[in-house]
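J.: One letter stands for each residue in the lines below.
There are 2 protein chains.
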Amino acid sequence: MKNFLTTALLLLTALCANSQQVHWSGSPLLSPEINPDNSVTFRLFAPNASQVEVVGDFLSQQLIDSPFGKVEVPGSASLVKDENGVWQYTSAPLSSEFYIYNLVVDGLRIADPSNVYQLRDVSSIHNVFIVPGERGDLYAVNSVPHGSLTRRWYNSETLDMNRRITIYTPPGYESSKEDYPVLYLLHGMGGDEEAWPMLGRTAQIMDNLIAEGKAKPMIVVMPNGNAIQEAAPGESTQGMTAPTMNLPKTMEGSYEKAFPDIVKFVESNYRVKNDKSHRAISGLSMGGFHSLHISKEYPDLFDYIGLFSAAIMPLTETPSSFYEDTDKKLEVQFQKNPKLYWIAIGKDDFLYNANVDFRKKLDENKYDYTYFENGEGHIWRNWRIYLSMFVPMLFQD
Amino acid sequence: MKNFLTTALLLLTALCANSQQVHWSGSPLLSPEINPDNSVTFRLFAPNASQVEVVGDFLSQQLIDSPFGKVEVPGSASLVKDENGVWQYTSAPLSSEFYIYNLVVDGLRIADPSNVYQLRDVSSIHNVFIVPGERGDLYAVNSVPHGSLTRRWYNSETLDMNRRITIYTPPGYESSKEDYPVLYLLHGMGGDEEAWPMLGRTAQIMDNLIAEGKAKPMIVVMPNGNAIQEAAPGESTQGMTAPTMNLPKTMEGSYEKAFPDIVKFVESNYRVKNDKSHRAISGLSMGGFHSLHISKEYPDLFDYIGLFSAAIMPLTETPSSFYEDTDKKLEVQFQKNPKLYWIAIGKDDFLYNANVDFRKKLDENKYDYTYFENGEGHIWRNWRIYLSMFVPMLFQD
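Residue numbers (the numbering used here), protein chains in the order written: chain P, 38 to 434; chain Z, 38 to 434.
All clues given are correct.
Put simply, identical chains are the same to the list, so a pair is met inside one copy or across any two.
In silico DSSO-like cross-links for lysine-lysine, where the CA-CA straight-line distance does not exceed 30 Å:
no.: 1; residue 1: 253; residue 2: 310
no.: 2; residue 1: 214; residue 2: 301
no.: 3; residue 1: 310; residue 2: 365
no.: 4; residue 1: 313; residue 2: 286
no.: 5; residue 1: 107; residue 2: 398
no.: 6; residue 1: 253; residue 2: 376
no.: 7; residue 1: 214; residue 2: 310
no.: 8; residue 1: 294; residue 2: 403
no.: 9; residue 1: 253; residue 2: 373
no.: 10; residue 1: 397; residue 2: 376
no.: 11; residue 1: 107; residue 2: 397
Keep in mind that the hints were calculated from the coordinates and are not lab data.
Keep in mind it's a predicted model, so treat the numbers as computed, not measured.
Chain P on its own, in the form it takes in the complex:
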């Protein structure tokens, strides 16, 4: 019976709409295949295609000039067709990472039909794969205790809206009676409450760092930072509309003003240590901007602040009253000696110079902060690294 059912379902699947590609030999086509030397082979069965390329962040990226300075674009490589219509390309051995890619078939960019592992980044779908090793293993699911990841809704009185929020609770949270510190982790422009858990591999990073004893068990709160949205695309009453980077009210104070609603929700719904020394806030790009302004506006809330590739702006050009007197408010914030003010950015980030200017201001005022700079630019690869570095510094005393 088991065989009958399996065979019937396989047949049904094959007849219906199976996008998993099957090799001419009858076995499924494997793509990507991580080889023993950590090279990666991509395959596509497309006998009618004239050209197939793979575009991904594992290929040497190019820096090109733009009105905003140099920006990185992923490299591409050509697949070669064999006599059976299977296109194939094998990369050089790759360093351990969580990579993204797409295939391009006669100019049409698609997701690899043989790889079900895909992530949405704003309005794009990318395939993903992990090359094992030190960094890749940090982003993988390992044999360690796992926390819980919950999608739920909170009421924002300030925004007069029910809003979706993603919350990681560490392993053991449910069965213990302890109170936990909290990290508020904010996404960038075009992101939402799905960005850090999906592209950022937050639950995997937290599980692994906690298991290794490198991070304290903590709650990680991933809100939606777009004041206009109830929830991520497809998860709200807006329905399945096309996601856009271009939302109103993302950097004009509304979200930052309403942020205490989130803290209040978390602290009345979870067992938390609700004092400054047990609260951290960090974010990438726009989320770094939000972290900067929320933490300076409420200088008694957060003892740990992380700006990852932060969209730090010329502060005089901003429209909201929320951003008025920023220098004065920063002075108040730093007088209160936050335990960690951490700034991280890649050398090739188009926001690099804005961060240089901001650090100059902090230096001139002798404000205490920690700075980390690495290569590459405004990409998720860096934000996962920054999260992995930031978290171990939190709540250590």
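Following the hints, put chain Z in place on chain P, whose structure we already have.
T.: Positioned in the frame of chain P, the structure of chain Z alone reads:
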């Protein structure tokens, strides 16, 4: 600054790897577009392609003969290319539903690059869209109170494994002090703990039925029914391996034997009413088989049993001792008068005759059950309908 950042990020996205297609006019290509008359337009920019088709369950399905009886295959339709290289097809007005589709470009089946809404069904990725109306609205996110959806892990002592589980708690669960009834909702072969929440729209259906007063607030537990797996593909230590329908130990008693571990976990971690009259179990296909055998093996556990397109087998052919004496155990189960024993199947299901035989056995023994039959076959469209029908019958007294 906001404009600077938006523009820079849009540029970065466009340069990097944006799979969202852009029309020659510069605006994003809309696909699918639900028109006011509920016809749907599909578009693809592929100037180099020779043929583009859409394959989906909204097109008239064909019944074809197979060794297992008639099976349904989705219909297809051709897109037509305009002078700008944009292919387009508009369907007839569609009835309200949650539909799936793929595009086929010169024989290559792909996901629509303009539609970020995609779901994995075993090893296939399908695009999805909702046509609004009575049924589609039941599967959509509406302005109603929302429950929480949590991915967490439990320890199965019997299987000696930590295992992932998806749990829906109804709106208000966290803030109330009430105890709730529990529905255990099981997936089919090739599925996992992501099947019901994603393909089955469980959270949306529950939120909407509860808001309309049609269902009691309840907890819905969606376990992983593959005894060999810790978790869904990509969510376990197996890493990002290709999903397969062909797993060992799915219908040989291991999972059913270990099921009390799940009940124990739920009842010691959630505020539940822990008696027979507040427990329900149901499942689709293999999950219907599991529901049949778990409920008959533990006749004091469940007062509500739902078999959705159940993989009911000729019981003498099964290998496990768990399936021995099934007739005798069914007799015991029905002597204890379960409040609802609900069987549902589509007329075109390849398991239709097996269900006829099973009902004949129940009839011969004068066991009390309720039967629902509709059109179509072994497809998710039916399983969402069955869930929507089953849930309102639960825990009503």
